Amino acid sequence: MGAYTMRCSLNLLVPVTVLAASVMGLAQSRPYNLGTPLSQEEIRGFDFMVGPEGKELPGGRGTAKEGAEIFAKRCALCHGRNGEGGSAQRLVLGSPGNPHRGPFKDTEKSATSYYPYPTIAWDYINRAMPANKPGSLTPDEVYAVVAFLFYRNGIIQESDVLDAKSLPKIEMPNRNGFVPAVPVWPPDPKKPSWF
Amino acid sequence: MDSNRSGRRRFLKHAAALAGLASGAVSSASGQSAGSEAQPKDVHIHGEPSRFATTLGSGRGVRLRLDHMTYYTPLQDSAGIITPASLHFMQTHSSRLPDIDPQQHRLTIHGMVDRPLSFSLEDLKRLPSVNRIYFVECHGNGSSTLHSTDDPKMGLPVQYIHGMTSCSEWTGVPLSVLLNEAGVQKGANWLVSEGADEGKFTHTLPLAKAMDDVIVAYAQNGEPVRPEQGYPMRLLVPGFEGPSSVKWLRHIKVVDQPYMTWNESMNHSIPRPDLGGKSRWYHFEMAPKSVITRPSGGLKIPGRGFYEITGLAWSGGGAIRKVEVSTDGGRSWKEANLQTPVLPKAHTRFTVDWAWDGEEAVLQSRCTDERGEVQPSLAELYRNWGITDVASQKTSRAIHINAIQPWRVDRDGSVHDAMFS
Chain A
4 MGAYTMRCSL NLLVPVTVLA ASVMGLAQSR PYNLGTPLSQ EEIRGFDFMV GPEGKELPGG
64 RGTAKEGAEI FAKRCALCHG RNGEGGSAQR LVLGSPGNPH RGPFKDTEKS ATSYYPYPTI
124 AWDYINRAMP ANKPGSLTPD EVYAVVAFLF YRNGIIQESD VLDAKSLPKI EMPNRNGFVP
184 AVPVWPPDPK KPSWF
Chain B
202 MDSNRSGRRR FLKHAAALAG LASGAVSSAS GQSAGSEAQP KDVHIHGEPS RFATTLGSGR
262 GVRLRLDHMT YYTPLQDSAG IITPASLHFM QTHSSRLPDI DPQQHRLTIH GMVDRPLSFS
322 LEDLKRLPSV NRIYFVECHG NGSSTLHSTD DPKMGLPVQY IHGMTSCSEW TGVPLSVLLN
382 EAGVQKGANW LVSEGADEGK FTHTLPLAKA MDDVIVAYAQ NGEPVRPEQG YPMRLLVPGF
442 EGPSSVKWLR HIKVVDQPYM TWNESMNHSI PRPDLGGKSR WYHFEMAPKS VITRPSGGLK
502 IPGRGFYEIT GLAWSGGGAI RKVEVSTDGG RSWKEANLQT PVLPKAHTRF TVDWAWDGEE
562 AVLQSRCTDE RGEVQPSLAE LYRNWGITDV ASQKTSRAIH INAIQPWRVD RDGSVHDAMF
622 S
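As you go down the protein sequences, you meet chains A and B in turn.
Under the working numbering, the first residue of the first sequence is numbered 4, with each subsequent residue one higher.
Under the working numbering, the first residue of the second sequence is numbered 202, with each subsequent residue one higher.
Treat the hints as calculated values from the structure; they're not laboratory data.
Treat the numbers as computed from the prediction; the structure is a model and nothing was measured.
Honestly, I wouldn't trust all of these hints.
[What the hints assert, rightly or not] Going by beta-carbon spacing under 8 Å, a handful of chain A positions derived as facing chain B: (1) ARG33; (2) LEU37; (3) ASP109; (4) TYR118; (5) ASP126; (6) PRO133; (7) PRO137; (8) TRP188.
Ideal Cβ placement from N, Cα and C applies to all residues, glycine included.
Whole structure, please, built from the sequences with the hints as guidance.
Here it is as structure tokens:
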């Protein structure tokens with residue numbers, strides 16, 4: 004009830020929170036006591052977003068050879084044989100042993116060699132691909148198709164094994180191709196907004 | 202989001218007929234409900250506009266592609282500052298919209314928090330709410346390639362060039378309330394949010410912004426947020442590039458660094474000559490921008506005499522302080538009247554009186570926001586980015602374009618896009 008009166012009279016958020024805690028006599032730490040606590044097990048069931056350090060990568064492993072087979076079955080339909088493009092984007096620029104080091108034209112960005120971190124390919128393919136059945140690949144399969152794409156882009160050797168340890172260590176050819184090096188907030192107040 | 206990656210516009214269509222086709226393509230997770238057999242639709246339940254009420258014969262403009270749907274707000278017919286939910290622009294990275302039952306939907310907050318929590322729509326509605334007017338703009342809005350035209354006679358109307366901005370009254374819970382409820386841990390300074398769409402749209406947000414004015418919105422203009430806008434709940438990140446405002450919001454993870462996920466790295470960065478060909482990361486805030494919505498490209502004014510010129514101005518950096526209008530191609534400028542309310546990070550409506558003498562005229566507007574930042578011309582903007590040959594840019598995609606939009610009025614009264622001529 005306290006919450007309802009406050010909603011009408013107060014717009015500022017901080018006072019609402021502080022007031023609620025004291026007025027409603029709840030523990031300071033959880034002002035409204037709403038929301039359902041999540042167990043670690045529940046979190047593991049949906050926590051698939053992987054950051055640039057690859058901390059969240061699961062167990063499993065794969066190589067480019069294994070990936071070639073999976074790619075032909077699950078991905079080539081839209082991305083073309085070996086990822087050279089079809090109804091969906093081309094995923095390859097450069098060639099085995101010969102990575103494209105930029106500069107990139109806008110139309111070339113969809114090649115995985117554009118990504119500043121190797122984890123980006125893993126994370127996106129794991130959650131969003133294949134587009135006709137997102138999230139259906141096993142971790143082994145994702146490691147394998149990523150190995151295949153990185154091999155075709157000249158980023159790794161055909162025999163390299165990718166897993167939670169080796170994948171984040173891959174130095175991407177476009178690692179230093181971004182300004183600033185990582186997104187920064189707040190922006191430099193001396194720089195105009197077009198920058 | 203990028204609506205115009207070059208070479209991928211195979212599904213470009215202007216036909217309003219497609220609108221019906223596409224909005225029928227809603228995927229149903231729970232199967233078809235029994236009551237949905239071909240009952241004739243009662244148009245009065247939600248109301249429909251008069252079939253005579255639109256200038257260009259359609260509501261939203263449409264471009265459909267294999268992996269994208271884009272619907273453009275018909276700015277040429279807009280009045281005031283609020284965009285009806287049914288006309289709010291939409292850009293998605295999927296070919297189907299999620300069809301979410303709120304009973305099944307939960308928003309989770311996890312990662313670097315003391316108490317990972319999940320919230321239902323009902324939970325959100327019990328929490329203290331705010332109600333604010335904000336624009337949402339796609340960072341690809343006004344991009345150079347959007348000026349390419351399929352109709353060489355008239356050029357594209359304003360909605361296909363600038364119609365990826367809309368402005369609504371959003372109601373929801375401040376994200377800071379939810380984050381405080383979960384207890385953000387020391388060392389956390391970013392969030393990553395994921396939507397429940399097929400493409401798992403994901404974006405990073407600075408924690409400082411999240412604690413400032415971000416809303417988890419469940420209502421828009423007095424009704425539940427529509428499926429196209431993220432039903433049952435979405436992020437609304439005031440002033441930031443559209444993609445930050447993740448729709449069908451389902452997971453928020455509190456982290457200690459920007460995650461630079463696929464959408465952000467691939468779609469929301471752009472190589473730039475002034476940076477030696479390196480790519481600029483996304484800008485967060487949208488730059489100050491204005492556009493004359495009437496008269497505008499594709500329209501025809503009936504003859505000489507009095508016209509009120511009207512348009513919209515907005516800035517991700519705060520409120521609009523001033524709008525100037527030129528009717529002689531930028532030689533002279535006149536300060537426009539700003540209609541109230543003038544709100545930060547919201548569309549602001551401006552008007553100026555004009556008497557047309559029947560001669561060729563070029564109409565354009567430029568705005569200044571509360572930080573004193575002035576909207577640039579296209580040439581200025583490109584010069585900043587190290588591009589001198591402006592004409593060459595017509596076919597190359599760019600994001601974050603806030604350049605002045607010139608409209609040329611010919612002696613027959615027809616109005617044309619004059620951005621590149």
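Structure-based check of all given hints:
With its C-beta approaching chain B no nearer than about 6 Å, ARG33/A sits inside the 8 Å limit, and its interface hint holds. The closest approach between the C-beta of LEU37/A and any C-beta of chain B is roughly 5 Å, which is under the 8 Å cut-off, so the hint is satisfied. A hinted interface residue such as ASP109/A counts as satisfied when its beta carbon comes closer than 8 Å to some beta carbon of chain B; here the least separation is about 5 Å, so the hint holds. A least Cβ separation of about 5 Å between TYR118/A and chain B falls short of the 8 Å threshold, and the interface hint therefore holds.
Because the smallest distance between the Cβ of ASP126/A and any Cβ of chain B comes to about 6 Å, under 8 Å, the interface hint for this residue holds. The interface hint given for PRO133/A is violated, since its Cβ lies 11 Å from the closest Cβ of chain B, which is over the 8 Å cut-off. Because the closest C-beta pair between PRO137/A and chain B is about 6 Å apart, less than 8 Å, the hint holds. With its C-beta approaching chain B no nearer than about 4 Å, TRP188/A sits inside the 8 Å limit, and its interface hint holds.
In terms of the numbered hints stated before, the structure departs from hint 6 and from no other.
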